[in-house]
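A.B. asks: Each chain, written out:
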Amino acid sequence: MPKRIVASIQHIGHRVIESIWRLGRATRFFILVLLKSGTSLRRFGLVIRELYFTGVLSLIIIVVSGLFVGMVLGLQGYETLQKYGSESAVGTLVALSLVRELGPVVAALLFASRAGSAITAEIGLMKATEQLAAMGLMAVDPIARVVAPRFWSGVISMPFLAAMFSVMGVFGGYLVTVVFIGVDEGSFWSQMQSAVDFRFDILNGFIKSCFFGVAVTAIAVFEGYDAPPTAEGVSGATTRTVVTSSLVILGLDFILTAFMFRGVS
Amino acid sequence: MPPDTLIEAKSLGFSYDTRPILKGVDMTMSRGKVIAIMGGSGSGKTTLLRLISGEIQPTSGYVKFAGEVVHELNRDALFKLRRKMGMLFQFGALFTDLSVFDNVAFQMREHTNLPESMIRDLVLMKLHAVGLRGAHHLMPNQLSGGMARRVALARSIALDPMLIMYDEPFTGLDPISLSVIGNLIRRLTDTLGITSIVVTHDVQESLKIVDYVYFIADGVIAAQGTPKEVRDSVAPFVHQFVHGEEDGPVPFHYPAQAYKKDLNLEDTFA
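Just so you know, the sequences run in chain order A and B.
So that you can map any letter, position 178 of the first sequence is 178 in my numbering, and since no number is skipped, the others follow by simple counting.
So that you can map any letter, position 15 of the second sequence is 15 in my numbering, and since no number is skipped, the others follow by simple counting.
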């Protein structure tokens with residue numbers, strides 16, 4: 001019995017030490033990516049090429065999801081608000097929910113599963129098929145040439161995708177409440193306009209999405225670069241990207257919300 | 001180091017964790033020659049290439065390339081040195097998101113300021129040398145295994161290196177592709193005046209094209225010589241390897257306890 005207890009404590013210890021090592025490796029890698037970002041800035045064409053894959057190709061899922069989330073918000077908001085005769089405030093409800101929370105968070109979750117997983121799989125497969133080693137032997141640094149452009153493309157595209165998500169969400173809410181249900185269009189827009197604050201709501205939502213962009217893409221590139229060069233290794237890394245990113249997004253969201261909206265009515 | 005020596009390894013040792021892979025290898029490689037490195041799987045052949053390119057650091061000894069000790073160079077000097085080397089990976093390692101043309105042009109665009117028109121001409125010349133000028137517009141996934149390796153070969157000679165290292169260039173090729181790659185290695189070495197190191201298992205194909213052979217076994221040079229000396233060798237290891245014999249110094253059976261004991265027959269026949 002004591003042997004089994006010792007073994008399980010040892011197992012936990014190993015897992016903890018391994019996790020700390022991994023965190024250390026990830027931090028070191030993140031700093032390396034930042035230090036080697038000069039090439040990406042000098043040859044911005046490399047980043048623009050990746051922007052197409054991470055940003056433009058993620059647009060369809062962001063647009064469609066934003067539309068549906070906005071429609072559901074509008075419907076649920078109307079159902080509740082009309083009991084109190086405040087259905088004209090539904091525009092405020094939809095806009096604030098999207099701009100402050102759902103826009104950045106859901107867009108980041110979708111981005112992690114669409115673009116983050118693709119970045120991990122691509123870098124992991126490049127490693128498994130020795131493309132990164134070949135690049136190193138051609139005296140071209142793979143972190144500067146492959147990883148950094150992908151990292152910056154994710155960081156740049158995330159706020160735009162979150163903004164797109166919010167815009168489509170507001171449009172979805174408008175469609176359901178104003179066009180289909182018949183809420184007064186004037187009060188829908190005017191209440192939204194007076195309630196949504198640029199500094200507290202829009203700017204804070206933008207800052208959140210920037211944080212999420214850095215977190216998701218940093219996790220995605222690290223998992224890809226650190227993946228064991230086998231089929232199982234790459235598939236495991238892709239899964240870890242989505243799981244870790246999702247947890248980090250939700251955790252970061254709580255922390256950022258606590259700081260940003262303290263004392264805001 | 002004599003002037004015609006390009007690479008010199010002295011007491012070269014390397015261990016993964018505590019497991020020794022190479023235990024004191026000495027070798028010299030002359031300019032303009034094709035040198036084969038042979039040995040069983042896991043004998044440290046690829047490790048030797050990685051030591052020459054400075055990808056890993058030796059645990060003892062050194063490798064000198066063109067007079068410079070590779071592991072003593074800093075990162076910039078090492079990258080500068082690597083521009084004088086080309087490497088052909090086992091399955092080509094072509095960049096899958098770039099076309100054949102862009103793969104060959106990669107190093108020229110990264111390391112030179114040549115105008116695009118000149119890069120175009122140079123790429124087509126390199127591709128012509130491997131017989132694939134007409135395939136410049138294809139993507140790597142549209143190439144056969146042999147074609148991918150020829151494109152990788154064109155890519156590795158893009159900046160006219162002094163040395164090309166081939167890691168198992170013959171693996172998984174049909175007989176035609178196999179002899180095409182073999183002849184290309186010989187022809188490129190002779191016409192460009194470069195040095196080629198071929199890590200291979202393929203004894204018959206490689207003995208046709210190489211000038212000198214090193215055999216690695218148990219982390220040391222077990223035998224060496226010209227192809228003729230190797231073919232005529234009576235050394236048990238070389239004989240077994242060259243003739244593909246099942247049993248010999250490299251045993252057929254993995255070490256195990258007595259067969260009868262494993263089958264619990266000792267008591268029955270006792």
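Since the hints were made in silico from the structure, they are not lab data.
Watch out, some of these pointers could steer you wrong.
As the list claims (entries may be wrong) - Below 30 Å or equal to it, Euclidean Cα-Cα: the simulated DSSO-like pairs (lysine-lysine) are:
hint	chain 1	residue 1	chain 2	residue 2
1	B	K80	A	K36
2	B	K80	B	K10
3	B	K64	B	K23
4	B	K33	B	K80
5	B	K10	B	K23
6	B	K261	A	K36
What the hints assert, rightly or not - Computed footprint of chain B on chain A; a stretch qualifies when at least three of its residues, placed anywhere within it, have a C-beta under 8 Å from a C-beta of chain B:
hint	stretch
7	127-134
8	138-152
Note that beta-carbon positions come from the ideal geometry of N, C-alpha and C, so glycine has one too.
A.B. asks: Each of the hints needs a verdict: does it hold here or not?
C.D. replies: Evaluated hints:
1. K80(B) <-> K36(A): Holds, at about 18 Å.
2. K80(B) <-> K10(B): holds (23 Å)
3. K64(B) <-> K23(B): Judged against 30 Å, a Cα distance of about 17 Å means the pair holds.
4. K33(B) <-> K80(B): Holds, at about 23 Å.
5. K10(B) <-> K23(B): holds (11 Å)
6. K261(B) <-> K36(A): violated (61 Å)
7. 127-134: holds (count 5)
8. 138-152: Satisfied; 5 residues make the cut.
Checked against the numbered hints listed earlier, the structure breaks hint 6 alone; every other hint is satisfied.
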